[in-house]
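Peer 1: Could you build all of it, start to finish, from the sequences and the hints given here?
Position one of the sequence shown corresponds to residue 1 (UniProt numbering), numbered consecutively onward.
Treat each hint with caution, since some may be false.
Simulated crosslink set (SDA-like; lysine to any residue; CA at most 25 Å straight-line) [to be verified]:
no.: 1; residue 1: 420; residue 2: 579
no.: 2; residue 1: 420; residue 2: 452
no.: 3; residue 1: 420; residue 2: 533
no.: 4; residue 1: 420; residue 2: 366
no.: 5; residue 1: 420; residue 2: 605
no.: 6; residue 1: 631; residue 2: 374
no.: 7; residue 1: 631; residue 2: 504
no.: 8; residue 1: 420; residue 2: 471
no.: 9; residue 1: 631; residue 2: 606
no.: 10; residue 1: 631; residue 2: 370
no.: 11; residue 1: 420; residue 2: 499
no.: 12; residue 1: 420; residue 2: 458
no.: 13; residue 1: 631; residue 2: 357
no.: 14; residue 1: 631; residue 2: 366
no.: 15; residue 1: 420; residue 2: 459
no.: 16; residue 1: 420; residue 2: 364
no.: 17; residue 1: 631; residue 2: 364
no.: 18; residue 1: 420; residue 2: 476
no.: 19; residue 1: 420; residue 2: 475
In case anyone wonders, no lab produced these hints; they're calculated from the structure. Just so we're clear, the structure is a prediction, and the values are computed from it rather than from any experiment.
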Amino acid sequence: MSSQKPAHSYLRWRIVVGDRNGMWRRSGPVSLLGAGVTEVPGRGGRNSGPRPGDRVYRMVVSAQSVDWLRYLLTDPTSLVEVTRVTIIVNSWTIPQGGWSGRLGPLTHVLFHRLRLPRSGEGRAVVDIEMEWSRPLRKVISAVLPLLTPVRPMPHPASADVTAQDVFPAWLGIGQNEIALSGELPDNEDIRPYDIVLTATGEPQPSVAPEPDGAAEPAGTPTANRYGTVLAAGAGGAGVTRPDAVLVDLEHVTVRGRYGPFGPTAGRAQLDFTTAADGRGWQITGPRGALCTGRVDRPWLPESTREALAEVGTVVCPSVPARHPIEEATFLAHLVLAGVLVQVPDLPPAVAAYLAEEVRGLISAPLPDSDEELDWEARVVGQRRAVMRQHATGFALPRLAAAAFPALAEPPSVSALLVTKRLEYVPDALAAIEAQTYPNLEIVLCMHGVELPAELRARVARSPRPVELLTLPPGHGFGEAIGVATARSRGTLVTKFDDDDTYGPEHVWDLVLARHHSGAAMVGKGAEFVYLQTIDTTVRRDAGRAEAFTHVVAGGTMLISRGDLEQVGGWRPVPRSIDRGLIDRVRRAGGMIYRTHPLGYIYQRRSDGHTWDPGLEYFLRGGGTQWTGMPKHPEFGTVGRPTSDARTEIALS
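Peer 2: Shown next, in the form of structure tokens:
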């Protein structure tokens, strides 16, 4: 790099990002004498001011919220080079009391300062100065972990993604996800690009063909520049054209909302407007319009989420299919907001952009049941389907599978099962084997007992890869699970308890929660509890679902192998190993996220537990009860609970 710094195109500039009608704009951002201003979104027509590659010495960015700050990454202005930056988020809320973020990777930093409101709500301000100018996009990507939890999904191998003159909202903020403008630079030492995203699915600028029309031979510099090139648009991507919806889960998944559910929950109607360019939509409740928006900006801002807070179901009687991929993308975002979405007449042109699993769930009739659980399961199922079928982290590698077939699998998971109770081994193995997650191994650690021949034969027949080990009784439980972890091969590890009940989607639920939450550890609450002595399952309040928390059920914890080792692994304690690990994660500054409770039943058996507060502890609070266990597909049981088995209790 030359020691002479290039000249700046602009001395000062401001960028204002947010809803033009928002009250926050009336006071304006922090003033910057003599600075021009760019508004994002613009007022129709191209904003004047800095363009990609221009250099600005002093930049102030004023965003309405963290979500709006991320929205700036979809604008070409994010490729302006900056040296001194002040980023203001006018409406910021701390993700969890006591949380502290960290500046992400950013080179040439000379100084940075963070100012947050003492109350945990209000204006957040970040000042950064760099020795050399850097793209504003990289600065924002580094600032976001200061304001919201960001933790990329770990992978043993992954492709670099380079967006060339396209700015899709579904492109993440990771260090291996890059946006560039103009011709892509070469690199003689290594193939410079793995996945390139362009508007046409062809390298831009295109390379002129040989005079005789023959393709360039393999081994030429041009042929070795790309692993694959995909077509990218605002709503999705594809091989020759955008033909599948993609979403950035970290940005668009609504956290903190779970419910309301059931036939009596609020109901609203979604209508697409046909006026003007046909990109408008409106959601109407019993008392009138709740919120409006445009399908070309599909993510839901805070005002829309608040308007939908009491809405459980949104029915869309018709979709015009004027802008099919944008309409499909908006429906996917609405599902991720946590409402039940029903589109009984989904046009084929729109359905083509959605995965079959998603199409089936949003076009199906509403549940024919008064049971809240059935409605809750539909919402959870829709959300799960959109996440695993359309999340960029899963869908983009599948689209690039022709070039990189080994990268299409989701991250590997090791299920740790440490037990000394032989009678529980068959059922526990069966529960793990029944998981729908494709890349899952079982680590079975027999603690102080040998596995008899018939059970060894059972293990040998497992359709899953099984790592079997036996430890002497002198090892404590914490040491035993540490040895099991060391023998595991998964990028992620999750703990299964031998006597609990797990639904077939349980592991997928945890992986998806890890992907979108930015938490170091994820799990479920012990909300459904089976009490063997009275053959009853009770649903109890185990804390807020789909939210950051301080504790999750030990039999549901999932953490990456790297994060586990970074905090020191499992403590060598004889019991309460779950609490020991949770404490270590929190001391290291990691967040813990509790996803929905479906698919897990905590068992209280008659043979006693190390912690026994008595039956009344679990019965207290007037929760729903089922005789036996609720027979519902989400729990891996047969059929569904009958209404005559359901009772209400209120023991003090």
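Peer 1: Hint by hint, say whether it matches the structure.
Peer 2: Now for the hints, and whether the structure bears them out:
1. 420 to 579: holds (20 Å)
2. 420 to 452: OK: residue 420 and residue 452 at ~12 Å, within 25 Å.
3. 420 to 533: holds (22 Å)
4. 420 to 366: violated (45 Å)
5. 420 to 605: OK: residue 420 and residue 605 at ~16 Å, within 25 Å.
6. 631 to 374: holds (11 Å)
7. 631 to 504: It holds: about 13 Å lies between the C-alpha atoms, which stays within 25 Å.
8. 420 to 471: holds (10 Å)
9. 631 to 606: Distance ~21 Å between residue 631 and residue 606 Cα, so the pair holds.
10. 631 to 370: holds (16 Å)
11. 420 to 499: Within the cut-off at roughly 11 Å; holds.
12. 420 to 458: Distance ~17 Å between residue 420 and residue 458 Cα, so the pair holds.
13. 631 to 357: holds (23 Å)
14. 631 to 366: Satisfied, since the Cα-Cα distance of roughly 20 Å is no more than 25 Å.
15. 420 to 459: holds (16 Å)
16. 420 to 364: Distance of about 45 Å is beyond 25 Å: violated.
17. 631 to 364: holds (21 Å)
18. 420 to 476: Status holds; Cα separation ~12 Å.
19. 420 to 475: holds (12 Å)
Hints 4 and 16 from the earlier list are contradicted by this structure; the remaining hints agree with it.
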